[in-house]
Amino acid sequence: MLKRTVPVAIAFVVGLWFVIQYFVPAGWSQQSLTDATNWAKILLGFAYILGLYSLVHVHWLRIRRRQPGYGYSLLVYLGLGVTVALGMVGEVEKAWNLLAGGSASFADFQTYGGPNWTSGVDWIYTYVLYPASATMFSILAFFIASAAYRTFRARTLEAALLLVAAAIVMFGRVPLSAAIDQAIPQFADWIMAYPNMAVKRAILIGVTLGMVATSLRIIFGIERAYLGGD
Amino acid sequence: MHWLLRIDRRLIYALVAIAIGLPTLWRFRLPIAPSPPVEGVHSAIEALEPGQVLLASLDFDPASAPELEPMSRAVLRHAFRKRLRVIAMTHWPQGVGLANQIVEQTVREFDEITVAFERFASRQQAEQRRAALAGQPLAEALGGPAAVGAAGTAVIRAGAGSVRSRSGAEPPAWSPALLQALGQAEPGSSALVEDPERGWYLLAVRERTPSLRYGEDYVFLGQRAGLGILIVSMGQSMHAAFPADAAGRPTREMPVFRGVETLGDVDYLICLAAGNSGEAWVAYGAERYKFPMGIGCTAVIAPDLYPYWQAGQITGIVGGVKGAWEYEHLIGIPAQATEMVPAQTVAHMVVIALIAICNLGYFLSRRRGGAR
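Residue numbers (this note's numbering), protein chains in the order written: chain Z, 1 to 230; chain V, 1 to 372.
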């Protein structure tokens, strides 16, 4: 009962209430939303802990089993350890000052960055994370060009239509097209504003109806996969 | 199979590298006509009065920075130039440092910078003068009794586009080059700037005085988890969602929040996003708490946002580098995006050419009965 019935009952009551709550502008109704968002924020804090545990656990298993590429898992541990250590050292220093009767206040513990130890985190961010992320993303330009060449072929009528539309939009988005003829970017805009929009709307409405249906299934206890188990 | 279908991928990579690299060496100008979605964001911000509140949600990390950083800077320059109060934040934990840097550097562009300068007919003369003064404190030496060119001092607010002569010769007129040269320059440093009408200026920074005050003209709130939940929470109370800013200072005491209790009190929101936070802002924020908003995004996301734009849920879209370029043009400060667009244009042309080549090869080989 505790594993199934109670969670389903909670989902039913809370789910139904927040559907109704959206349409009730009274103060007590708004307060219940504020309370719920506060609970959700607390839960999110635990989700971070869960995420950290999951990351550490997955990579620990890879290292223990000596799976191919387990060296990268060691790098994950190294990066995590160094970043957390550099971030924590400043906080420990502040805590020590506080205990020793220094001037640190609670607000100091929320400080991002700073001139002392925490600048190590800034250094990692600026000189490791930033260039590494930008490099990974920049490489996409090469892969996209290669993939477009190898796969973008007019094998069927549908593929040909997609190809022509994509070429027009791509060229219409390039400033050079306007220099050749103003009609090219205008036609590209027309493709975006009508055929693209119609399809996007259909997908958006379909996805949203699917979300409504899934939410109702959860509220009424039909969908129970979120409870785990079989 | 036709040879047109067998181009080595390394050759394609080399072509892309050349396409991106060449325009950075050989610069050329491209015609510009701002598109309606970009104009939608610009005109909404342009319509705001000084002192009104712009909430900027910079939701991206370093991976997307090349696309989103130029438009973020352009929008913030526009906002600060209009003396709007700016509340900046991010939904992305990896974006905190980047967002903070963008805000602080843009704010710095609005400092009052006192410069000493000398004017020369050519770049060569200006460089010779700089070389002659090597080892001396340029800020004192320039414009002194031993000045070589026409000399003077001026107060420049590069971000705001203002140049005020303080003494001596006519200072350089404001230009994007002046902003680039002085935007982040430290006192004591020097720069060479060309004024097409007056000549070359050798400038030395004497002092910088901040003109935008943290907590009064702008604030950076940092990041909180939750996306939709956070937006709803901000709609209930901004101070409950962000009791402290990124540096831990209580937000309730900040003048920048004067009259801003909930999201409904925000005059305009611009979401600069690499992910789906723009859609979340529409669904959980703008629709529920009724405030106008616009979205800046990577080019790949822009088509997804057209339905929101056409429905009037957002005033406009700034999509990718091209959108940022158009925005820079609209505010009259060509910057990063303006430099990036030629490279992107050539790279796009290469991709289109590759698609054409592969399809030509495909049809030729099909005619011979060898296509797959």
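One or more of the hints may lead you astray.
Unchecked claim - Example chain Z residues on the side facing chain V (calculated, C-beta under 7 Å, incomplete): (1) Y125; (2) F142; (3) F171; (4) A183; (5) G206; (6) V207; (7) T208; (8) G210.
Said to hold, decoys possible - So, partial list: chain V residues that the calculated Cβ filter (under 10 Å) puts toward chain Z: (9) W3; (10) L15; (11) P62; (12) A65; (13) Q105; (14) L192; (15) Q236; (16) M254; (17) V256; (18) G259; (19) A302; (20) L305; (21) M349; (22) A356; (23) C358.
Claimed, not checked - Have a look at the derived ranges for each label pair, beta carbon to beta carbon: (24) I222(Z) - R10(V): 43 to 49 Å; (25) I205(Z) - Q105(V): 40 to 46 Å; (26) N97(Z) - R249(V): 50 to 56 Å.
It should be emphasised that the hints constitute simulated quantities derived from the structure, not laboratory data.
Where a beta carbon is used, it is the ideal one built from N, C-alpha and C, also for glycine.
Do the hints match the structure? See the list:
1. Y125: Given a least distance of 4 Å, the restraint on Y125(Z) holds.
2. F142: Hint on F142(Z): holds, closest Cβ of chain V at ~5 Å, below 7 Å.
3. F171: holds (6 Å)
4. A183: Given a least distance of 12 Å, the restraint on A183(Z) is violated.
5. G206: violated (13 Å)
6. V207: violated (11 Å)
7. T208: violated (10 Å)
8. G210: violated (15 Å)
9. W3: violated (13 Å)
10. L15: OK, holds: L15(V) within 10 Å of chain Z, min 7 Å.
11. P62: Where the cut-off is 10 Å and the nearest Cβ of chain Z is about 4 Å from P62(V), the hint holds.
12. A65: holds (6 Å)
13. Q105: Where the cut-off is 10 Å and the nearest Cβ of chain Z is about 13 Å from Q105(V), the hint is violated.
14. L192: Nearest chain Z Cβ about 27 Å off; hint violated.
15. Q236: holds (5 Å)
16. M254: violated (13 Å)
17. V256: This hint is violated: V256(V) lies away from chain Z, its Cβ roughly 18 Å from the closest one there, beyond 10 Å.
18. G259: Check failed: Cβ of G259(V) comes no nearer than 20 Å to chain Z, outside 10 Å.
19. A302: holds (8 Å)
20. L305: holds (9 Å)
21. M349: holds (7 Å)
22. A356: Because about 8 Å separates A356(V) from the closest Cβ in chain Z, which is inside the 10 Å limit, the hint holds.
23. C358: For C358(V), the interface hint holds, since the closest Cβ of chain Z sits about 5 Å away, which is under 10 Å.
24. I222(Z) - R10(V): 43 to 49 Å: violated (54 Å)
25. I205(Z) - Q105(V): 40 to 46 Å: Roughly 42 Å apart at Cβ, these two residues keep to the hinted range, so it holds.
26. N97(Z) - R249(V): 50 to 56 Å: For N97(Z) and R249(V) the Cβ distance comes to about 19 Å; the hint is violated.
Going down the numbered hints, you'll see the structure goes against 4, 5, 6, 7, 8, 9, 13, 14, 16, 17, 18, 24 and 26, while the others check out.
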